[in-house]
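Peer 1: Next come the chains, spelled out residue by residue.
2 protein chains.
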Amino acid sequence: MRLSRYFLPVLKETPSEAQIVSHRLMLRAGMIKQAQAGIYSWLPLGYKVLKKIENIVHEEQQRAGHIPLLMPTLQSADLWRESGRYEAYGEEMLRITDRHGRDMLYGPTNEELITDIFRSYVRSYKDLPLTLYHIQWKFRDEVRPRFGVMRGREFLMKDGYNFDLTKEDALHAYNRHLVSYLRTYERMGLQAIPMRADGGPIGGDYTHEFLVLAETGESEVFYDSEITDLKFGTRDIDYDSVEECQSVLEEFTSRYARTDETHDEALFGEIPEERRRTARGIEVGQIFYFGTKYSDAMNAVVQDHSGAQVPVHMGSHGIGVSRLLGAIIEASHDDKGIIWPEGVTPFHCGIINLKQGDAEADAACEAIYLDLVKSGLEPLYDDTDERAGGKFATMDLIGLPWRITVGPRGLKNGVVELTSRRTGESEEMPPEQAVERIRQIYANH
Amino acid sequence: MRLSRYFLPVLKETPSEAQIVSHRLMLRAGMIKQAQAGIYSWLPLGYKVLKKIENIVHEEQQRAGHIPLLMPTLQSADLWRESGRYEAYGEEMLRITDRHGRDMLYGPTNEELITDIFRSYVRSYKDLPLTLYHIQWKFRDEVRPRFGVMRGREFLMKDGYNFDLTKEDALHAYNRHLVSYLRTYERMGLQAIPMRADGGPIGGDYTHEFLVLAETGESEVFYDSEITDLKFGTRDIDYDSVEECQSVLEEFTSRYARTDETHDEALFGEIPEERRRTARGIEVGQIFYFGTKYSDAMNAVVQDHSGAQVPVHMGSHGIGVSRLLGAIIEASHDDKGIIWPEGVTPFHCGIINLKQGDAEADAACEAIYLDLVKSGLEPLYDDTDERAGGKFATMDLIGLPWRITVGPRGLKNGVVELTSRRTGESEEMPPEQAVERIRQIYANH
Numbered sequence: 012m013r014l015s016r017y018f019l020p021v022l023k024e025t026p027s028e029a030q031i032v033s034h035r036l037m038l039r040a041g042m043i044k045q046a047q048a049g050i051y052s053w054l055p056l057g058y059k060v061l062k063k064i065e066n067i068v069h070e071e072q073q074r075a076g077h078i079p080l081l082m083p084t085l086q087s088a089d090l091w092r093e094s095g096r097y098e099a100y101g102e103e104m105l106r107i108t109d110r111h112g113r114d115m116l117y118g119p120t121n122e123e124l125i126t127d128i129f130r131s132y133v134r135s136y137k138d139l140p141l142t143l144y145h146i147q148w149k150f151r152d153e154v155r156p157r158f159g160v161m162r163g164r165e166f167l168m169k170d171g172y173n174f175d176l177t178k179e180d181a182l183h184a185y186n187r188h189l190v191s192y193l194r195t196y197e198r199m200g201l202q203a204i205p206m207r208a209d210g211g212p213i214g215g216d217y218t219h220e221f222l223v224l225a226e227t228g229e230s231e232v233f234y235d236s237e238i239t240d241l242k243f244g245t246r247d248i249d250y251d252s253v254e255e256c257q258s259v260l261e262e263f264t265s266r267y268a269r270t271d272e273t274h275d276e277a278l279f280g281e282i283p284e285e286r287r288r289t290a291r292g293i294e295v296g297q298i299f300y301f302g303t304k305y306s307d308a309m310n311a312v313v314q315d316h317s318g319a320q321v322p323v324h325m326g327s328h329g330i331g332v333s334r335l336l337g338a339i340i341e342a343s344h345d346d347k348g349i350i351w352p353e354g355v356t357p358f359h360c361g362i363i364n365l366k367q368g369d370a371e372a373d374a375a376c377e378a379i380y381l382d383l384v385k386s387g388l389e390p391l392y393d394d395t396d397e398r399a400g401g402k403f404a405t406m407d408l409i410g411l412p413w414r415i416t417v418g419p420r421g422l423k424n425g426v427v428e429l430t431s432r433r434t435g436e437s438e439e440m441p442p443e444q445a446v447e448r449i450r451q452i453y454a455n456h
Numbered sequence: 012m013r014l015s016r017y018f019l020p021v022l023k024e025t026p027s028e029a030q031i032v033s034h035r036l037m038l039r040a041g042m043i044k045q046a047q048a049g050i051y052s053w054l055p056l057g058y059k060v061l062k063k064i065e066n067i068v069h070e071e072q073q074r075a076g077h078i079p080l081l082m083p084t085l086q087s088a089d090l091w092r093e094s095g096r097y098e099a100y101g102e103e104m105l106r107i108t109d110r111h112g113r114d115m116l117y118g119p120t121n122e123e124l125i126t127d128i129f130r131s132y133v134r135s136y137k138d139l140p141l142t143l144y145h146i147q148w149k150f151r152d153e154v155r156p157r158f159g160v161m162r163g164r165e166f167l168m169k170d171g172y173n174f175d176l177t178k179e180d181a182l183h184a185y186n187r188h189l190v191s192y193l194r195t196y197e198r199m200g201l202q203a204i205p206m207r208a209d210g211g212p213i214g215g216d217y218t219h220e221f222l223v224l225a226e227t228g229e230s231e232v233f234y235d236s237e238i239t240d241l242k243f244g245t246r247d248i249d250y251d252s253v254e255e256c257q258s259v260l261e262e263f264t265s266r267y268a269r270t271d272e273t274h275d276e277a278l279f280g281e282i283p284e285e286r287r288r289t290a291r292g293i294e295v296g297q298i299f300y301f302g303t304k305y306s307d308a309m310n311a312v313v314q315d316h317s318g319a320q321v322p323v324h325m326g327s328h329g330i331g332v333s334r335l336l337g338a339i340i341e342a343s344h345d346d347k348g349i350i351w352p353e354g355v356t357p358f359h360c361g362i363i364n365l366k367q368g369d370a371e372a373d374a375a376c377e378a379i380y381l382d383l384v385k386s387g388l389e390p391l392y393d394d395t396d397e398r399a400g401g402k403f404a405t406m407d408l409i410g411l412p413w414r415i416t417v418g419p420r421g422l423k424n425g426v427v428e429l430t431s432r433r434t435g436e437s438e439e440m441p442p443e444q445a446v447e448r449i450r451q452i453y454a455n456h
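Protein chains in written order, with this note's numbering: chain A, 12 to 456; chain B, 12 to 456.
Among the hints, erroneous ones may be present.
No farther apart than 30 Å at their CA atoms in a straight line, the calculated lysine-lysine pairs in the DSBU-like style are these [claimed, not checked]:
id : chain 1 : residue 1 : chain 2 : residue 2
1  : A       : Lys63     : B       : Lys44
2  : A       : Lys23     : A       : Lys137
3  : B       : Lys178    : A       : Lys63
4  : B       : Lys23     : A       : Lys137
5  : A       : Lys23     : B       : Lys137
6  : A       : Lys44     : B       : Lys178
I should point out that these hints are in silico values taken from the structure, not numbers from a laboratory. What you are looking at is a predicted structure, and each value in this text was computed from that prediction instead of being measured.
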């Protein structure tokens, strides 16, 4: 993309309404614009990152064998009356009446609707196991929406639901989700720690939250420092294997890691003192096994091997897709701006032309740009007339992990500069070599 | 995808509520399930086609230089009061009140919100031309929703908005949209004819609707038969070129083609009688130039070359993404089911194993399956225990354009059968050759 043809409305001033750094940086980098309290338009740069995150979630869900569909944003109140949650949900549910006076609501979650889909079609244990998921906009009418996309009202979430014949099968689905979530977050450059959590309004005895450590996190967390040494890495998991998934779960949950909701001071005290950590964390996902809570209430039964009608065992599993942008920025920025991990960066590489209009510099930038595009990469080429200082400031603010700087002086010596946003280190090299380096960096992303 | 692990709830019975063939077939093929009147869940097969269509729209919009973003589904009533449309829009607008008593609405379209984004950031003619678009769920509270996704209440639409300094520039944007729409529809296997239309509530003197001819279309259309001979084809258009876009517009709009709303019997009578056609059509898109209607009302101005503040010239341009599924099926089906054009088919090829459990047949199917996957294609392998007749009926119903049939008898002679869904013609050939043929077919899709 050539910046002169893009829409990147960066702000020079820090917006006064933003209290935390991710909110400030998303506004300043021209990623979002508030439409109303807790409701945002995703400007082109923000939309690009949102899509990258969404794609990673889709890929990892499907790798685990989960099947995508899409439920609507608006739901009928009747289904929620059936589960008993219509009255129970409280004021966070946005209730709507249509022109015929029918009660509807903007879905805050989808247990009822997916259970209705399931019971309409599935009759036999032979059609199990089954995990369906979607990535769709949700609405929760927060009293005080704040922190930008971290606590918005209209937000994008992946929610998945498993249907299994037995508790044992459902716990395998639970473990499978835990494993796939670990992999999902790592691809985004995040370390998200599974912590024992509280069931809350969705219910459930088995539940883990995934938390990203960050000073601005909304939860206080307590953990054994050994847990931050764990990496999922490139291991190849057979998601059908009960043993493999179980062993990953054990590896990642056997050390102490809890939020303030489930914190147990006595257990925490048993960890050697030098490994005890207290910090703050941002919740970016949660998994639940809740048994037959919804299948009982909504009569979602299948025939088992003996011919009996039995309620299915279910769980639900969520990833906060839009909130992840905030979490990634909270975990990865400096005083100049955002530092995108390679897996989610909106553009793979920035190109800065130090002397727009200089024939040689222009030609060199064009060649680098086209070379990168030909390799299937998306560079952002700042081809505007802005001063060099302004170009650097914008690139640092929007946080592309790599930058190629091209100027007449370097070109005389046959070199351009390749700079890492994270370390700030620069290296001079011929243009072709810089392109090749970028290509290699992204070969595994 | 192996069918045994997929969720494809096909129906044997024809649902009684469905009046038109696309609605019937989408229900029977397990593509959609009604959640409430005019609101659908997109089951896995339907969701896959929806995504394919969405991707084509994205690709063609970006090819034309238009920039994606994403506005929220819920909008503030205040912006609509500013444009004067809040009261004017009538009962089709779904009005919502949040917990603090603030008036909101579920966006039926986005002229106000995009104009607000534009005026917040853009100050100078130097930032023009600019065309922003999004693909987002909309809601129109139709009195009598019907015909499945063809006239739903919650529907997915691409809506794009151009901002230009002059009427002349804005008309180039209009033409650019017309050209890109022709290309978009052809990639989906559709012939959509641009017809002179009526401005309606969005306003505008320049407007064309794109109509797909189909017996069940909601509009009566009148056209010169020469128009159906026009093909956009593989021509390579420079979307920046005023002349190239203008000449395509002239080619595709100089012959008579109108809906009943703008039909002129006298003009129609001037066409030689043998070329006069009356038919029915489905609207799948519309483009508008409406000048400064919204920029005047909402004060969206830029500084021009002379330093004066002038309102921008705008247009809006929509493609009915979810409705396109219905339109494609209306235009492409037979009495056995859907016939997907290659560009939008949910799976590239079906594989039918005539004797599941036969070692040789199973192995041959697996090999074909893995070969296709390795080529980046998505086959649907019916690996279930269903009888051959049932397998054929399902494949015909869901309409994959190509099918490879594998059975012990053919394998003895070293062959499988490759069948075209459209023509019904079958050809025997070695398995590798069948895979190669499928690969070639999709090389250009």
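Peer 1: Give a verdict on every hint.
Peer 2: Tested hints:
no.: 1; hint: Lys63(A) / Lys44(B); result: holds (29 Å)
no.: 2; hint: Lys23(A) / Lys137(A); result: violated (60 Å)
no.: 3; hint: Lys178(B) / Lys63(A); result: violated (37 Å)
no.: 4; hint: Lys23(B) / Lys137(A); result: holds (19 Å)
no.: 5; hint: Lys23(A) / Lys137(B); result: holds (19 Å)
no.: 6; hint: Lys44(A) / Lys178(B); result: holds (28 Å)
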